[in-house]
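Asks: What follows is the residue order along each chain.
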Amino acid sequence: MEPLIEEAGLARKGESTDPITAPTGESEKKVDTRRKSPTQIALARLRKDKIAVICGSIFLFFVLIAIFAPLLAKLEGQDPATLNQNLIDQYGYPTIAPNGEHWFGIEPRLGRDLFARWVYGARPSLIVAGSVTVITTIIGVVVGLLAGFLGGWVDRILSWVIDFVLSLPYLLFAIAVPAALLAVFVGNTENVANDEVANVRFYSLILVLSFFGWASLARLIRGEVLGLREREFIAAAKVLGVPTRKVLFKELLPNLVAPIVISVSMALPAYIVTEAGLTYLGVGLTEPTPSWGLTIYAAQNWYRADPLYLWIPVAAITILVLALSLLGDSIRDAFDPRTRR
Amino acid sequence: MKEEQAVLLYILKRVLSAISVVIVTLVASFALFFFAPTDPAGVICGPRCTPERVADIESSLGLDQPKAEQVLLYMKGIVVGREYSTGGVVRHCDAPCLGYSYTLGQPVTKLIGAALPVTVSIVIGGAVVYLIVGILSGTIAAQVRGTSLDRFVVGTTLVVQSIPYFVFALMIALYATFLPDSRYHPFLDNPLLWAGGLLAAWLTIGVTNAASYTRYSRASMIEALGQDFVRTATSKGISRRRVVYRHGLRAGLTPVVTIFGIDLAFQLTGAIFTETIFNLPGLGLLTLRAFGQYDLPVLMGGVLIGSVVLVLMNLVVDIVYTFLDPRVRLG
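Protein chains in written order, with the numbering used here: chain A, 1 to 341; chain B, 1 to 331.
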């Protein structure tokens, strides 16, 4: 069926077949479906969605902060590593409130500038979450395509691996694996520079999250491919003698845009939370990397004396994740032809 | 093929695949922990350590043996137990022995045995809260579908679900000071103290997870209430409440039960954030402490037990589901 006919047919019926997103009975909005690809239709829907536009702008705001972190810190005239011990009293409390020189004030005890740590802290969050999302999406799509399309023993092995990965307690492994990796790459953990440990922890975090992240997408893609494999256009391509690689990436992949985009939009906020959470637990990133999770961990003991210290990273991560999740929800609605909006 | 045979075959297949997963997990953890160049003797006796003392500790833990030998010893320990001798004292570690903690001087099995009841208490109590809150609000939202109350409930669940869990838990732990201090008391000592000490953790797990259960049960109740048997029941003159809570809920809950089984299995492998933030000595906190101290036997024991619990729970859920929904075994 032509995509636009399919879309129109489902829109006419106004039925939601996805139980989770069963419509709340909002009034139907008219969508222009003339001569557009499903992706264009989805993007048009997204542009009309106020929540999506607001949440997208918030996300963009944080991305810009991360990109221009050095510039912003320079604008303030501070950097994230300098210890302003002259502004700390003998009990470790900062002697200054936020002012024109230190926009968010300074850290208790060490006296580092909080605004600079905050803008730099956006970087590891977005870099870890972004690269894990890219890696898991690529692996998940390729494995799912191969398992679903080739079938036979390839499918049996890949499906077993998917089931295996999904049945591991990933949080426990996320704690255990960095310990082992640290031993392999750094060796004896005493007398090692903090920078080196922080580096290994950074990559092992990406590795662990990627290892456990791809399987659910692979299972989803495999299911979709199993359905698409029997359709006429694939049979036609096979009869024409199109090579398998081309069938996979030129014929099948364009039909999988919706589930892939939806999965990416759900994965990104999830990985930001996981990164910050593991870092908070002390198994993710370590000092001296500026990271919101680390700041929250350090600030929880000062929450009465210096609430701003705790609340700035908490607000940042909550707003960023909230915006991304709501954006993901809008994207799912926009790309899913079964939901009406 | 006959019905019973099909069921048996399906269960057999699931059991075999579960066993294969456990075996591969074992092998992978062995590779991870035994072949990584670590220095446990240094960890145990600290910075001021003589080479003789290191050698003594290594031989007492069997670390002077070749790696392959160590793996065999560990395996043997799981099946029949093993003995450790330190400074002339022989300590016996009963089967299933997962080794001795480097830093706490106790068998890993004993440490995990002490931690499991804590995790189970947290998870079960939290589940009671989110099942009650989630299913009730989902059912109510399904009945008033499309109204502003329904939209409010759905919107709230969306927001609650999007707040990072550890941030939410931390805020409760820091600011909800009206709740009793969180602390673990064994249930058998004093059930009231047990419940009071876990209340904050239960409410945190309950509120955050209730969001997804509200959405699941709302969706499946909407589907159930649209079915013919509900119309039949209504047309027979049964009261609305009875129709919803007797007839509708029974049909609507099956999918929720499945999701619950899977969730529970995952939470049992360590409610790590809850345990850390509320300082409850469960499996997650045990593993986390072990990580901080490079206490590899405890770390490995935690991972192994967690994997086995998860695989077993998944197996149970699958088998129970076969009896709930006959379509599964035919597929």
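Just so you know, these hints were derived from the structure itself, not from any lab.
Remember, predicted model here, so these are calculated numbers, not experimental data.
Hints are not guaranteed to be accurate.
Just a few of them, taken from the derived set where beta-carbon distance is under 10 Å, the chain B residues facing chain A [as the list claims (entries may be wrong)]:
(1) Tyr165
(2) Gly197
(3) Thr276
(4) Ile305
Ideal Cβ positions, reconstructed from N, Cα and C, are used throughout, including at glycine.
Asks: Work down the list of hints and note, for each, if the structure agrees.
Replies: Results of checking the hints against the structure:
1. Tyr165: Given a least distance of 7 Å, the restraint on B:Tyr165 holds.
2. Gly197: violated (20 Å)
3. Thr276: With Cβ-Cβ at 6 Å, under 10 Å, it holds.
4. Ile305: For B:Ile305, the interface hint holds, since the closest Cβ of chain A sits about 9 Å away, which is under 10 Å.
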